[in-house]
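Got chain S sorted already, so can you dock chain A onto it with the hints?
Protein chains: 2
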Amino acid sequence: MPSQKIFATPQDAEAAFYEALERCDAEAMMAVWAEDEEVTCIHPGGPRLVGFAAIREAWRTIFANGVRLKLRLSQNTAVSTPFAVVSTVLEHFSTLDDQAVSAPVVATNVYVRSAVGWRMVAHHASPVPPSSLGDAARILH
Amino acid sequence: MPSQKIFATPQDAEAAFYEALERCDAEAMMAVWAEDEEVTCIHPGGPRLVGFAAIREAWRTIFANGVRLKLRLSQNTAVSTPFAVVSTVLEHFSTLDDQAVSAPVVATNVYVRSAVGWRMVAHHASPVPPSSLGDAARILH
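These protein sequence lines are chains S and A, in that order. The working numbering puts the first sequence at residues 7 to 147. The working numbering puts the second sequence at residues 7 to 147.
So that you can see chain S by itself, here it is in the shape it has in the complex:
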């Protein structure tokens, strides 16, 4: 059963999302998501997952199979309204000695304000084409 943790701001929810991702913590990850049948999650190169249960199952599989990686975020954008926020961010994964493991990923994250605080309702991630990276590429390579 997901935790009833309450996120007072969309920034708190986003911080918890990325902390859970970096720690490979499925329980903490799902505490960020709205328990809704039409929440959606698209991992890089993956199919669309619809609904809390399908999204939880996928994160559990990813975290069970995955290696722990460092995660750095950059170039955040946000469109904010009183009850919904759309955030985008570049995700840079690296090994513990700072070697980039792949091209950065761009994520679109949507949070909605509910009776139990801010929750994620959509995450869509896809690889960033290396030709478009500019400064970010210079930092990583």
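These are calculated hints, taken from the structure and not from any lab test. Note that this is a predicted model, so its numbers are computed, not measured. Glycine included, each C-beta is placed from N, C-alpha and C at the ideal position. None of the hints are false.
Only pairs whose alpha carbons sit at most 25 Å apart, straight line, appear in this in silico SDA-like list of lysine to any residue: (1) S/K76 to S/R29; (2) A/K76 to S/P53; (3) S/K11 to A/S86; (4) S/K76 to S/Y24; (5) S/K11 to A/T87; (6) A/K11 to A/A37; (7) S/K76 to A/P53; (8) A/K11 to S/T87.
Some residues of chain A that are not near chain S, with every Cβ distance over 12 Å (derived): (9) A37; (10) T67; (11) L102; (12) Q105; (13) S108.
Structure of chain A alone, referenced to chain S:
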């Protein structure tokens, strides 16, 4: 200058978005978008575009270079709140004689209610892996 067309519902805005896409009509396309510096658009395999001007420029280039294609949508989902809606949909592009031109694309679309009606604030599209398609693949091939 973008039109001041008012979309009374998020469904109206989404219909206008896909009509503009199918007609390769940049003016109609940009009438759907919020005039905001942090709206974001990610085309399949493409970089993140940030801001109304950058997004307009990219659509103009796409429409100037592109061929006209038929577009069929399927498997819509929606998370709805009074002032924001997150929609996802599978986009199936085909030539005029119904030959699929590529794997379907999954799009996450976000609309926000403003003083000038519903406007798009984010579009993130990426290819759907063929292995995940099931029924949709059978329809197309």
